[in-house]
Amino acid sequence: MATSAPDTVADGKAHGLQALSETVAADTEALADDRAEAVNAKHNRPLYESPPKIHPKQAKGRFRRIKWIVLFVTLGIYYLAPWVRWPRGEGIPDQAILVDFSDRKFYFFFIEIWPQEFYYITGLLILAALGLFLVTSVFGRVWCGYTCPQTVWTDLFVQIERWIEGDRNKRIRLDQARWTLAKLAKRTAKHGLWLLVAVSTGGAWVFYFNDAPQLLGDLFAGTAPTPAYVSMGVLTATTYLLGGHAREQVCTYMCPWPRIQGAMFDENTLLVSYRWDRGEPRGRHKKGDSWEGRGDCIDCNQCVAVCPVGIDIRDGAQMECIQCALCIDACNDVMAKVGRPPNLIAYETINAPERRAQGDYSGIRLLRPRTLLYSALIAVVAGIMVAGLSTRATTDVNVLRDRNPVFVRLADGGIRNGYELKVLNKLHQDRTFEISVAGLPGVRLFNPVTREEGTVALTVPADSVGSVKLYVSLPKGHVTDGTLEDGSAAVDFVIRHDATDTRVVETMPFRGPN
Amino acid sequence: MSTRETDEPTGKETTGHEWDGIKELDTPLPAWWLYTFYACIALSMVFFVLWPSWPIPTADGWTYTKGIVGYSQRQRVEQLTAEARADLEQEMEAMRDLSLAEIRTDKALMPIALKAGEAAFGDNCAGCHGSGAQGFEGFPNLNDDAWIWGGSLEAIHQTIENGIRWDDNPDTRYNVMPSFLSDGILTREQVGQVVQYVRRISDQEHDAAKAEQGAAIYDQQCGFCHGAQGKGMTDLGAPNLTDAIWLYGGDVASLTETVSYSRYGVMPAWEDRLDPLTIKQLAVYVHALGGGEPVATADAGSATTPATDDGGSASGETRGGL
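Protein chains in written order, with the UniProt record's numbering: chain S, 1 to 514; chain Z, 1 to 322.
These aren't lab readings, by the way, just hints derived from the structure by calculation.
It cannot be assumed that every hint is accurate.
Stated by the list, open to error - Quick list of simulated restraints, FRET-style, between CB atoms:
| no. | chain 1 | residue 1 | chain 2 | residue 2 | range |
| --- | --- | --- | --- | --- | --- |
| 1 | Z | Asp97 | S | Pro513 | 26 to 34 Å |
| 2 | Z | Ala39 | S | Arg187 | 20 to 28 Å |
| 3 | S | Thr238 | Z | Leu80 | 44 to 52 Å |
| 4 | S | Ala221 | Z | Tyr71 | 25 to 33 Å |
| 5 | S | Arg187 | Z | Glu24 | 35 to 43 Å |
| 6 | Z | Tyr71 | S | Asp498 | 41 to 49 Å |
| 7 | Z | Lys115 | S | Asp100 | 24 to 32 Å |
| 8 | S | Val199 | Z | Ala39 | 39 to 47 Å |
| 9 | Z | Ala82 | S | Val99 | 26 to 34 Å |
| 10 | S | Gly192 | Z | Ser53 | 47 to 55 Å |
| 11 | S | Pro441 | Z | Asp97 | 40 to 48 Å |
| 12 | S | Asp266 | Z | Glu24 | 23 to 31 Å |
Claimed, not checked - Listed below are the simulated BS3-like cross-link pairs for lysine-lysine, each with C-alpha atoms no more than 25 Å apart in a straight line:
| no. | chain 1 | residue 1 | chain 2 | residue 2 |
| --- | --- | --- | --- | --- |
| 13 | Z | Lys107 | S | Lys426 |
| 14 | Z | Lys107 | S | Lys422 |
| 15 | Z | Lys231 | S | Lys476 |
| 16 | Z | Lys115 | S | Lys422 |
Treat the numbers as computed from the prediction; the structure is a model and nothing was measured.
Note that the Cβ used here is the ideal one computed from N, Cα and C, for glycine as well.
With the hints as constraints, model all of the structure from the sequences given.
If you want it as structure tokens, here you go:
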């Protein structure tokens, strides 16, 4: 097109057109380039990708044994704890661990917590978080690798899969095999067992919120409360999906912890690591070959085969790694067979290879600023909680002062204030408290409903809250004699129950005219 | 322009965008993410079908798809309100037949009566007497222990029922204080003397000489209603002039105004507006505000009555000391 420009155009313009024609020619050449690729073509932009299926191989060794023990202990606690009894007395639930929503109490063996005392739970959660920080900064992700419910249940689900379908290679073959009756039978058995585990997991959960033996009967009779069935259904579904199907996807994509943990690691943290300085250069090794000039890694890929998250530990620390240490077991097995020392993969600090290179074989440093800080914080929080629990009052009094009106002038010129008293009786017995006032000259207590004067009785049933409306009045003589400074003074409510040696004093403001 | 390139360490493509040297990997989402998204959309469809969802404009205004479950929050509220009413129906019926004193000493009914009275007070009485029944100038404070027309349960009940100076009610409480100055009964000077006397008997600062002169005028003009001692007479609705409570103020200016031109406060008769049960509950509530005069019967011995459960509330909280 540029070449068709008339010759009569000015020189400058002709020059420009020539330049343009050259560009176009170059472009045409580029378009003809068979190496050019439509980088944004549909097949080049997969927005979604099914994660590859992982078939972890059975590992054998010390860490696998530890994991089995942890699995039995944690699952045992989870399934059996609601059945432990702890007699507390007539009319009070005797379940050792019970979250009683209907009566708004939380029972944990000898501890009983009311909604007002929820800060104990907060303290417990803070302790758990700090404990996790401390353990992570010393041993890495041991929580993820051994005790996290996701890990424990996934382990159980994989083991069931292994029992029915065989180990790694058999499972891979079964996945690829055509559908036959045998495959159908295996799959049915596997999913059936998975669902059984899932149902009992959801079932165990609801026992923490109701009397377990009673609820078990109700569940089968179909008379349990609807929330119990809904909770069971939801937990059954999540256990089956997360333990059977989602597995490592939960750790990699759903859980925030792997992303946070990096902040807890430092160069002295023990992590499951491949000792590359000893293993490299890796390569196949035939019996009788020399070990001179090569590393100990024989590239057998056993560490990869047992990995439940499908990574290669030899690539270094990775976010996906839950530090279950099964690759250590797998590698030690192989090292023993080829006659090399164990622990080519081992719990090791990040700075270990560097220190080895410098001939430093000292142990790990446990006392570091962050471990000391976490330990100190744990000690402080635990101390506060123990102090709080051991001095927990069996009687709690809340007094609310009337604000509308702030005070009432009486016919005799005296001043009256209104208060609402709430007395929390945390003992497992009915108590009749004696309420009186003190601290102001000539002060008088009056219950406008019962018309009691001086001392008011308030009966509070066991384990509940009683409230009473009370009036306190100050005679005329003391309204103007300076008792009320700037229209305000303090009055003490004394709540007593002598039989249980209870005496609570609650000081409240008393207001009058300025 | 964005240039997509391959990231060395991961072997994955970048999105081609760069921010201050930071490039983003174009990692595909896991497929289950997509399925979860689809499942949420499917679930929302279920919601649309089951519950009210889409607004629909019509000629008469807006309506909406009702959903096959037929749920309506408005109906639910009405249902719950009706249930709550039905729950209390028995107690309310019982209260209808009981006397005021019987309600006041009934440990199960009294908390309900107080709550109902409080609600009715807020709706009907708070406009004049204040939300805390604290009153305003000309509108009595119902918390105190001074009662113009009587502070017994029955007296309070009658006042609420028939009102004060309410012309439409034949049984209304009625009195008129003369306007001593404008009616020509007293001179301005005499009014001033009576005012000083009233301040003397109410134990306030006063001019002793004037008060002495006012005493004679008081005996002549005021004592008939307010009593020789100035203690007032609730039967006549004549306030006690010796106490610390003043409906219109106890200062010289207010007292002078009252004596000279009188006052004429009005309260509606509520028997035409409220049902008898509500009036009973109001009487009990106002009586319990703190100033109610003692009930002659059944009060003795209630001091040690045990607390009772207030209708089995789930909180385990009880209202005691009744």
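Do the hints match the structure? See the list:
1. Asp97/Z <-> Pro513/S: 26 to 34 Å: violated (44 Å)
2. Ala39/Z <-> Arg187/S: 20 to 28 Å: holds (23 Å)
3. Thr238/S <-> Leu80/Z: 44 to 52 Å: violated (33 Å)
4. Ala221/S <-> Tyr71/Z: 25 to 33 Å: Since alanine 221/S and tyrosine 71/Z have Cβ atoms about 29 Å apart, the given range 25 to 33 Å holds.
5. Arg187/S <-> Glu24/Z: 35 to 43 Å: holds (40 Å)
6. Tyr71/Z <-> Asp498/S: 41 to 49 Å: With Cβ atoms ~56 Å apart, the hint is violated.
7. Lys115/Z <-> Asp100/S: 24 to 32 Å: holds (27 Å)
8. Val199/S <-> Ala39/Z: 39 to 47 Å: About 21 Å separates the Cβ atoms of valine 199/S and alanine 39/Z, which means 39 to 47 Å is violated.
9. Ala82/Z <-> Val99/S: 26 to 34 Å: With Cβ atoms ~33 Å apart, the hint holds.
10. Gly192/S <-> Ser53/Z: 47 to 55 Å: Cβ of glycine 192/S to Cβ of serine 53/Z: about 38 Å, so the range 47 to 55 Å is violated.
11. Pro441/S <-> Asp97/Z: 40 to 48 Å: Given a distance of about 47 Å, which is inside 40 to 48 Å, the answer is holds.
12. Asp266/S <-> Glu24/Z: 23 to 31 Å: For aspartate 266/S and glutamate 24/Z the Cβ distance comes to about 28 Å; the hint holds.
13. Lys107/Z <-> Lys426/S: It holds: about 24 Å lies between the C-alpha atoms, which stays within 25 Å.
14. Lys107/Z <-> Lys422/S: Roughly 18 Å between the alpha carbons, so the hint for lysine 107/Z and lysine 422/S holds.
15. Lys231/Z <-> Lys476/S: The given pair, whose Cα atoms are some 18 Å apart, holds under the 25 Å limit.
16. Lys115/Z <-> Lys422/S: holds (17 Å)
Checked against the numbered hints listed earlier, the structure breaks hints 1, 3, 6, 8, 10; every other hint is satisfied.
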